[in-house]
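Spelled out from the first residue to the last, the chains are:
There are 2 protein chains.
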Amino acid sequence: MNTPARSIIVTIGDELLLGRTVDSNAAWLADRLTVLGLSVARIETIGDDTERIRDAVSRARSDSALVVTTGGLGPTDDDRTLDAVTAALDGRTPDLEVDNPRGVEAARWFAPEGEYGAVLVLPGPPREMTALFPKTETAIRRALEDRLGSVHTRTIATTGIPESRLAPRVQPLIDDLDGVAVAFLPDLQGVDLRLTVRDRPDGEAQTLLDSAEQSISEVVRPYRVSAPSGDVVEALTEALVDRGWTVAVAESCTGGGIGERLTRRPGASRAFLGGIIAYSNAIKRDLLGVPEDLITEHGAVSEPVAKAMAEGVCAAVGADCGIGISGIAGPDGGSPGKPVGTVCFSATTPDGASVATQGFRGDRDAVRRRSAQAAMVQLLRRVEGGS
Amino acid sequence: MNTPARSIIVTIGDELLLGRTVDSNAAWLADRLTVLGLSVARIETIGDDTERIRDAVSRARSDSALVVTTGGLGPTDDDRTLDAVTAALDGRTPDLEVDNPRGVEAARWFAPEGEYGAVLVLPGPPREMTALFPKTETAIRRALEDRLGSVHTRTIATTGIPESRLAPRVQPLIDDLDGVAVAFLPDLQGVDLRLTVRDRPDGEAQTLLDSAEQSISEVVRPYRVSAPSGDVVEALTEALVDRGWTVAVAESCTGGGIGERLTRRPGASRAFLGGIIAYSNAIKRDLLGVPEDLITEHGAVSEPVAKAMAEGVCAAVGADCGIGISGIAGPDGGSPGKPVGTVCFSATTPDGASVATQGFRGDRDAVRRRSAQAAMVQLLRRVEGGS
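If you read the sequences in order, they're chains A and B. My numbering puts the first residue of the first sequence at 30, with every later residue one more than the last. My numbering puts the first residue of the second sequence at 30, with every later residue one more than the last.
For the record, the hints were derived by calculation from the structure and aren't laboratory data. Heads up, the beta-carbon is just placed ideally off N, CA and C, and yes, glycines get one too. There's no promise every hint is true.
[Claimed, not checked] To give a feel for the contact side, a few chain B residues facing chain A, derived at Cβ under 10 Å:
1) L47
2) A277
3) I306
4) A307
5) R397
[Stated by the list, open to error] Here chain B is said to cover these stretches of chain A; the calculated rule only asks that three of the stretch's residues, wherever they fall, bring their Cβ under 8 Å from a Cβ of chain B:
6) 58-72
7) 203-216
8) 289-298
9) 340-353
[To be verified] Cβ-to-Cβ under 10 Å is the rule here; a few derived chain A residues that face chain B:
10) I38
11) L46
12) L47
13) T50
14) I75
15) R223
16) V278
17) E280
18) T283
19) R393
20) D394
21) A395
This is chain A alone, in the form it adopts within the complex:
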């Protein structure tokens, strides 16, 4: 088996060194290069300085098969990347230019024959960079063919189970299959499993990936996100559209965050009608029809109130399905019985209602994001026909 070819990412811009911009390009590129079969050995961020850019590119080329730069292009004085890369390549002109559908500056591809490090120069604005990179993948593959070998990957998205519980159940099943590797890739929304097969013909690789997927399917099923993007929002919207159901949200601790997520993708209006942000108890009572004595008896953060919120928003809005959520996002407001991080949520469909209480870890932001995700997953499982 080949070792993966090494790549190095160089992101360029004074704004990155001043800490004004979080560098999202590096992570996006690292993910794509990994899927292409390259390993990312290093990410380096430097300022808009011709000499430093030239040095960084020269050093990176001596140590990797591919160097990708972002930023520092374009018509202003700050934009020095192209001069610097040309200098690092002794005056060479690009082997390929790819027009930018969302901006002015093209992508440039330098692949000196017989030499080591090829260089891909991309613009810095993320929406331009992400549109251009895929158009260069064929060139990258061709130039690095010998080094890359063939790589087949398949990603299985899960949510609702931490890596520490998922990995010990999945890893042994994969270890039994010769030639398949698995990586566990966690973030705030869940854990992706990436299955990888290297250096096998297409058909054989697909058969291996199918067996791997099959052998872990039972363990993974309760947590799997079926959407191609691995995004619960996409899976939920498509599942609702399939059933011809609409949805509305009643949000307290998340303050509108579930609605915001459900409308982040275009086409949300095929299922999403809207909702009520019931931050105050008066709104829970007056607009959602949650009985006052339910709040008095159980507290605003309780399963009966979450359920009444979900049912109330369905009635108010005329939706088929509802999400109700109420919790203690912190940092204050916790009590011994209901510590910070306690969130109650409920999902209703025409078939009935589910309720749950969970304790979420992390700061205010993490509690809000994680609980929003859990509530959407709860509804997804109901709509998919589970409990």
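The hints should help you fit chain B onto chain A, whose structure is shown.
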């Protein structure tokens, strides 16, 4: 005037090279180091590999006064930073350990006397790292006293005007003042001005910063965000609390994003009651009381509808102030008269209502964020007593 001492940030973790985690630590640290008076010459991201970490730290020390590392600490096999840093410093033990209030691993500070690069080792989880760094600032200042000189900065947050229009009006006024430098720091929410005075005694520096602030105050006033954090949400909440007013939101294109932002900080309930997410026209009509013929005549994306939404949510919820927002976030749904990016919004207070229409640039996400920000600013200006 001293040139600022150079620093280098090294972030460590295989997950960063796989592109699974966006590195927010680097930007946070770069901002703080800049405010301390250091320049950040480079940010380098590497994997959990002892030899690579040692090499990166050694190289960085030879080239800077301060090296800050994050990540790769802690009890698992992957965590190799401390061994590697100790090796890079020839076995030296830390000069200072600072306990971690939010986790297990302490911060370690190495300041070899008479040598060049001091090293600060921080844990990777952002909430631990951001809690620990401020506790090390005194040690950094003391160790780098000769190199840092004194630095006094003041940040003035603005919103609602792009850097390209603000800079030509502000820069000449600052150029007239000897010893004050200004940097323009833009992001999606607005542009911060950072005024810097180096190597002057405290009193003199403050006087200089006061004059600078005074001389640009007239130009900046219409766009200034008064909150200490520079965050419009904080400014708006405090302004509402000052006047004893409550607020509710009626959101269409933002889908709950304004409510989500208004509740991101603890204490939001002092002013924020909740709102209605009126993604469908039926909700605009039934829950917000927007007259059907207003929608038919002007369209859902129109100033009269935005105003009726703001007034409707105040009435429905019993709030003093309201925000109504309706727009075309894209990528579809635009027309020649109302292209993608067109957003109408309205702010009402007990003193009356404002309405506006703006064309926002960028993709769906950018249009939603920018328009949410503009709508909150519109209400802030009204509550502050402007128009």
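We went through each hint and held it up to the structure:
1. A distance limit of 10 Å between C-beta atoms decides the matter here; for L47/B the minimum to chain A is near 6 Å, and the interface restraint holds.
2. Proximity of A277/B to chain A holds as hinted, the smallest CB-CB distance being about 8 Å (cut-off 10 Å).
3. Because the smallest distance between the Cβ of I306/B and any Cβ of chain A comes to about 4 Å, under 10 Å, the interface hint for this residue holds.
4. At about 5 Å, the closest approach between the beta carbon of A307/B and any beta carbon in chain A falls short of 10 Å, and the interface hint on this residue holds.
5. Annotation: R397/B was flagged as interfacial toward chain A, and the flag holds, the nearest CB pair being 8 Å apart, inside 10 Å.
6. Remark: the stretch 58-72 of chain A is confirmed as covered by chain B, as 11 of its residues place a Cβ nearer than 8 Å to a Cβ of that chain, reaching the required three.
7. Counting residues of the stretch 203-216 of chain A whose beta carbon lies closer than 8 Å to any beta carbon of chain B gives 4, which reaches the threshold of three, so the coverage claim holds.
8. With a threshold of 8 Å between beta carbons, the proposed coverage of the stretch 289-298 of chain A by chain B holds, since 7 of its residues qualify and at least three are required.
9. Only when three residues or more bring their CB closer than 8 Å to a CB of chain B does the claim for the stretch 340-353 of chain A stand; here the count is 3, and the claim holds.
10. A distance limit of 10 Å between C-beta atoms decides the matter here; for I38/A the minimum to chain B is near 8 Å, and the interface restraint holds.
11. Restraint check, L46/A versus chain B: the minimum CB separation of about 4 Å is within 10 Å; hint holds.
12. The criterion of a C-beta within 10 Å of any C-beta in chain B is met by L47/A, whose closest approach is roughly 6 Å, and the hint holds.
13. Hint on T50/A holds. Least Cβ distance to chain B is approximately 7 Å, under the 10 Å limit.
14. With its C-beta approaching chain B no nearer than about 5 Å, I75/A sits inside the 10 Å limit, and its interface hint holds.
15. Because the beta carbon of R223/A sits about 9 Å from the nearest beta carbon in chain B, less than 10 Å, this interface hint is met.
16. At a threshold of 10 Å, the smallest CB-CB gap from V278/A to chain B is about 7 Å, leaving the interface hint in force.
17. Because the smallest distance between the Cβ of E280/A and any Cβ of chain B comes to about 7 Å, under 10 Å, the interface hint for this residue holds.
18. The beta carbon of T283/A is positioned within 10 Å of a beta carbon in chain B (closest approach about 7 Å), and the interface hint is therefore held.
19. Interface restraint check for R393/A: the shortest CB-CB distance to chain B comes to about 6 Å, inside 10 Å, so the restraint holds.
20. With 10 Å as the threshold, the beta carbon of D394/A comes within range of chain B, its nearest partner Cβ sitting at about 7 Å, so the hint holds.
21. Given hint, A395/A at the interface with chain B, holds; its Cβ is 8 Å from that chain's nearest Cβ, closer than 10 Å.
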